[in-house]
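Given the sequences, and given the hints that come with them, work out the whole structure.
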Amino acid sequence: MPLFGELFLSEIIKRPVFDPKGEIIGRVKDVIIVKGDPFPKIAVILVERKNEVYAIRWEEINLFNKRIISTYLTVTLLQKYTPSKDDLLAVRDILDKQIVDANGAKVVRANDIKLEGYDGDAVLIAVDVGMRGILRRLGVERGSEEFLRLFQAQLPYNLIGWNYIQPLKPELKEIALTVPRQMVSELHPADIAEIISQVSRDEGAHLFRDLDIETAAEALSELKPEMQADILNAMDAEKAADIIEEMPPDDAADVLSDLPTEKAKEILEHIEKEEAEDIQELLGHEEDTAGGLMTNEFIAYPPDITVQEAIEKFKKDAEEIETVYYIYVIDEKERLVGVTSLRELLLAEPSARLAEIMVTKLKTVVPGADEMVVAEIISKYNLVALPVVDSEGVLLGIVTIDDIIDTLLPPAAKRKRRKV
Amino acid sequence: MNFWKRSVAFLSVIGPGILAANIGNDGSGITTYSVSGARFGYHILWTMIPTTICLIVIQNMIARLGIVTGKGLSALIRENYGVKVTFFLLLGLFIANIGTSVANFAGLAASAEIIGINKYLLLPVIAIAVWLLVTKGTYVIIERILLGACFIYIGYVIAAFMARPDWTQAIRGTLIPTIKWDYEFIALSIAIIGTTITPWMQFYLQSSIADKGIKIKDLSATKADVVIGSLTTDTISFFIMLTCAATLYVHNIRIENASEAAIALKPLAGEYASLFFAISLGNASLLGAIVVPLTTAYVICEGMGWESGLNKTFKEAPQFLGIYTIIIALAGFVVLIPKAPLIFLMVLASFINGLLLPFILLYAISMANNRQIMGNYAISKGYSYYIAWSTVIVIICLTVFLVVTTIIPIT
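Protein sequence lines correspond, in order, to chains R and H. Per our numbering, the first sequence starts with residue 1, numbered consecutively. Per our numbering, the second sequence starts with residue 1, numbered consecutively.
Hints in this document: simulated from the structure, not taken from any laboratory. Quick reminder that beta carbons are idealized off the backbone N, C-alpha and C, glycines included.
Derived SDA-like pairs: lysine to any residue, alpha-carbon spacing no greater than 20 Å straight-line: (1) Lys212(H) - Val199(R); (2) Lys361(R) - Gly393(R); (3) Lys97(R) - Val85(H); (4) Lys50(R) - Ile13(R); (5) Lys97(R) - Tyr363(H); (6) Lys315(H) - Arg132(R); (7) Lys312(H) - Asp406(R).
Stretches of chain R that chain H covers, calculated by requiring three or more beta carbons in the stretch to come under 8 Å of a beta carbon on chain H: (8) 134-141; (9) 195-203; (10) 223-232.
Spelled out as structure tokens, the structure:
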């Protein structure tokens, strides 16, 4: 059992490896990691000797700790290392690279790696992403601890368990674990979008490809337009259309309006006809107006039906629609005549007609209304959604509160990323 | 693609090169150019040509790194050379940029005095305004201000014409290299190269290219961007040197810094020339005062793996906002101390920049040649390989020479 207890990768890099006679056989250059149960483990230690790299298998290691690393092999028995594309090396591929902290939903840099002895193996247990890791690599961890002790302060540990880590390099994702693992794809789409916006373009595109269609659709709408265009341009129009179909029409219209026209047209052709029509309608409006913000997916029923019938219809319609808190009431010409809320509907007498329970004094705006005016009305009357009607009172769509908040306070992923 | 589509595509890609190069013309740069022009007149004009060529080659390499990897220079160095190397480079950058910021605030103070505003009033106001602009403003506003400010650089060209230089001498001085083998000439020539190719500018260029997400197919457009940027900035530098050559050198006036240049211009080229010079100096210094601390904070956080971002609070990104605030506060404060050794600090900054540049260039060119990092886009055999390496070696030799000769007089 070579490793007892724990140690950090930085503590063994460049350390000498001794042969049975006590002579230095080389210095540790890197380690090869393989799938393990439950965490990845070290399979091979790469040793550098006189500018050549040799591979010592874990079984050939005698002692492995901070003070001494030794092997059963002698110089003559050393095998040269033949690099293979599938090899995953700790120093080359994980150390100093960006990784995703799926627990905190952000991107961090691996400053050091923690190893622990488990069942005869050296297992990768955590990644050090904090200041301590940096100080340790610089060789001043102890010194800094002493220094801080003068001020009664502590140097905190900032370790992230390997099961919460997702490396960005695509090959590394193959190191599967048997422990259930929090993957990026299970995070909230808004968090995924934030992570994608923090890494390089290629890495972001890779992360995106792993997502299932619904998550991809939600994450896509949270990204900034350039990233959206990049990702969609790289896929074929059919796949892009599948994702965009999953989005509510206002988000879909936003995404398509930021794409180059031919690509947008191509994607629209692959989208199911009804959806495509909805999206086209929205594309016709100016960006910063009520028409540009609204979605044309909403729940609207005629005034004569009963509450009971309305609830039955609702159960079928509500599956596809984003905002269902308000049920609008429209006449045969699709003009808005009243509104009721889901709560009212559920509390009302089943035999009552919608016309009896609906509210007729409605706040509305026209499609051309400026986004700030919309925001003021929604804020003043505490609405969850504001209906948009044309000059004849026909209900065209609704502006929902999440879109207005985005206008007033764009989320970080969407705001133009930095800087000077 | 037809002409219009190509122009639009081109316009959407350019920016980083032009902005990076022109922002390099900050307070300390202008000081170097003014002093050289005044000291050696038309004889030093030719140095701008090889300097421009070096600048274009280096920036093209940096741009290539940014486009292919999609990452900033600081992150790349961290990922390929480890945290120790990165730490020391960034430490050097931090100290050098405090010095550069001092130069910028000094430039602001000086131009304020020439225009007639009390520096004790102006500097705190500007320092706070800059700090607020960056912490509360948005990127779009800042970019617009910077691009607008770039136009004011024309003031130098105007000042140059108002100085009525001897054009035949000027052209001869530009095209025919003359080397005076005295220490000051060589030192100033090297300083000219050093101030035109500053380390932080390379970090800035690569980061803004990576951020913009420029793709490989736009490599030629970016090359054009870099060339245009380098040409514009070096033309401006040229005119600064020309202005001082035509007036101060001809009349044998020695100056120590850019503000003295502006003042000395008045009797020789008229009040307006002096005014243009002073305003342009203030503008360049303001630009530098905004950009340098910000870039430094970003670059350091990128390399060390700390949170950064203009929209973050102090709790979320303490190191980023901390670094930025320290640089501005320190620089602004130092400049206001009467009899502060400003020249010494600026020389120290140039010195540290001179130390950093060879390392940064070596790392950059090694990474640019590395197939593992760059894939098929590595600069391998072919004339760009040799040009890049020769440029780097030449610059390294010159900067080592400058550093050594700066130390010798002290020891």
